[in-house]
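Position chain H relative to chain G; hints supplied.
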Amino acid sequence: MRHLMNPLDFTVEELHRLFDLANDIEDHMDKYAHACAGKKLATCFYEPSTRTRLSFEAAMLNLGGNVIGFSEASSSSAAKGESVSDTIRVISCFADICAMRHPKEGAPMVAASRSSIPVINAGDGGHQHPTQTLTDLLTIRSLKGRLDNFTIGLCGDLKFGRTVHSLINALVRYEGIKFIFISPRELMVPDYVTDMLKEKNIPYEEVIRLDDVMPKLDLLYMTRVQKERFFNEEDYVRLKDFYILDKTKMKLAKPDMLVLHPLPRVNEISVEVDEDPRAAYFKQVQYGVYVRMALILTLLNIQVD
Amino acid sequence: MLNVGKIEEGFVLDHIKAGKSLSIYYHLQLDKLDCPVALIKNARSNKMGKKDIVKVECDIHMLDLDVLAFIDHNITVNVIKDGKIVSKKELMLPKEIKNVIRCKNPRCITSIEQGLPHIFVLADEEKEIYRCKYCEEKYAEHL
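Chains as they are written, first to last, in numbering that gives the first Met the number 0: chain G, 0 to 304; chain H, 0 to 142.
The set of hints was computed from the structure by calculation and includes no laboratory data.
For each residue, glycine too, the CB sits at the ideal point set by N, CA and C.
Any given hint could turn out to be false.
Listing some non-contacts, in silico: residues in chain H with all C-beta distances to chain G over 12 Å [as the list claims (entries may be wrong)]:
no.: 1; residue: His26
no.: 2; residue: Ser44
no.: 3; residue: Lys49
no.: 4; residue: Glu136
Lysine-lysine pairs mimicking DSSO-like chemistry, simulated, CA-CA at most 30 Å apart [what the hints assert, rightly or not]:
no.: 5; chain 1: H; residue 1: Lys16; chain 2: H; residue 2: Lys40
no.: 6; chain 1: H; residue 1: Lys87; chain 2: H; residue 2: Lys126
no.: 7; chain 1: G; residue 1: Lys253; chain 2: G; residue 2: Lys239
no.: 8; chain 1: H; residue 1: Lys16; chain 2: H; residue 2: Lys49
no.: 9; chain 1: H; residue 1: Lys126; chain 2: G; residue 2: Lys158
no.: 10; chain 1: H; residue 1: Lys103; chain 2: H; residue 2: Lys137
no.: 11; chain 1: G; residue 1: Lys199; chain 2: H; residue 2: Lys94
no.: 12; chain 1: G; residue 1: Lys248; chain 2: G; residue 2: Lys177
no.: 13; chain 1: G; residue 1: Lys158; chain 2: G; residue 2: Lys215
no.: 14; chain 1: H; residue 1: Lys80; chain 2: H; residue 2: Lys137
no.: 15; chain 1: H; residue 1: Lys103; chain 2: G; residue 2: Lys197
no.: 16; chain 1: G; residue 1: Lys226; chain 2: H; residue 2: Lys137
no.: 17; chain 1: G; residue 1: Lys79; chain 2: H; residue 2: Lys97
no.: 18; chain 1: H; residue 1: Lys137; chain 2: G; residue 2: Lys177
no.: 19; chain 1: G; residue 1: Lys199; chain 2: H; residue 2: Lys137
no.: 20; chain 1: H; residue 1: Lys40; chain 2: G; residue 2: Lys79
no.: 21; chain 1: G; residue 1: Lys177; chain 2: G; residue 2: Lys253
no.: 22; chain 1: H; residue 1: Lys137; chain 2: H; residue 2: Lys88
no.: 23; chain 1: G; residue 1: Lys143; chain 2: G; residue 2: Lys253
no.: 24; chain 1: H; residue 1: Lys94; chain 2: H; residue 2: Lys31
no.: 25; chain 1: H; residue 1: Lys103; chain 2: G; residue 2: Lys158
no.: 26; chain 1: G; residue 1: Lys177; chain 2: H; residue 2: Lys126
no.: 27; chain 1: G; residue 1: Lys226; chain 2: H; residue 2: Lys103
no.: 28; chain 1: H; residue 1: Lys126; chain 2: H; residue 2: Lys16
no.: 29; chain 1: G; residue 1: Lys197; chain 2: H; residue 2: Lys137
no.: 30; chain 1: H; residue 1: Lys40; chain 2: G; residue 2: Lys199
no.: 31; chain 1: H; residue 1: Lys126; chain 2: G; residue 2: Lys197
no.: 32; chain 1: G; residue 1: Lys197; chain 2: H; residue 2: Lys94
no.: 33; chain 1: G; residue 1: Lys158; chain 2: H; residue 2: Lys137
no.: 34; chain 1: H; residue 1: Lys80; chain 2: H; residue 2: Lys16
Pulled out of the complex, with its shape left as it was, chain G reads as follows (with noise of 0.2 Å):
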């Protein structure tokens, strides 16, 4: 029995072939409308994250499963003071898969070591949210038609995104890829991360405004900078339209760029961007639907012919 911890545990074959699946998914949705009839997901979710949850859900219902779980901590046996490890026992007599999501970094792999159903990690804490790492490589692959050779520019907050972190992770697996870092001082990569691009000889550049780079990028990445991560205002006043995406600043982009952004976005992408074919982060959403739904269908080990 496999569970997902980090998008690492998959291998690039393994991750290709997870792909295909969510590309074919894409192609002939109604092929897979009863692939998981009969099949319950629970999604047992200790903090809220609507946009993640809903997606797990809608992966399920879309394979004709059904979908059990709670949205937060309060409403569950947690709140008595039950451990993960006895939850996911429970859980394990009542769904045939499980998606967690956990405050406490390591939570899914506790319950995943003690669980008789597959568990994929749904977030834990800043630690891991392997999904989101697959939705953006099955975009990127999806709308580039490839994962290799192309210049990546990550733009925000560099420091505490664990989502950049699984992204940088998951790319360097891959080659021809350059790296370009954007963000404030305060904000920057940690150098855990560049130490080792450093090692794996694999270039990566570090700039403080996006405008500068714009023309060299294949795919930008957007995150969001938030205010409490200054150390003063006045730094904050000064930078924030540096990191602001809008249609002056895609005018200096290559035409086929794609803009990516694992939402919520606030204002760092200007809505007028919303419109211009390059912006890719709504249909990332929906691949984020389709690659839940290889995961769910890899992982019960159910082919569908």
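Then chain H, alone, in the frame of chain G:
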């Protein structure tokens, strides 16, 4: 010069950094053994200036010494049989250490889950870096 008698069977842990013997005593759980144990602190050493020594008289299969490599791999482990040194055990960094150190990350599941062992995994042998199995937090502080 203080003299501690010879042991017939067991271990002599030599070249322990001065002051660390008590920590080793607890990590090897020698407090739970019903056998003679001698802790020698601040013994004179040509190589180290000062050092600690621990002598344990017990069956040589009784102790799991792997954790010593995590604490200090410069420790010399002399294996004693019939009152003589029969071998020197080479210390290898253990791949996993269980319930020796605790994860200090307040966001780690080990901070709330009852009965969960604190397990650290050797992430980088060269740099001797251990990470929590659950949250991957690096263990930074040496024992």
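Practice problem: Would you pick out the hints that fail for this structure and give their numbers low to high? | Solution: Violated hints: 4, 14, 20, 30; rest satisfied.
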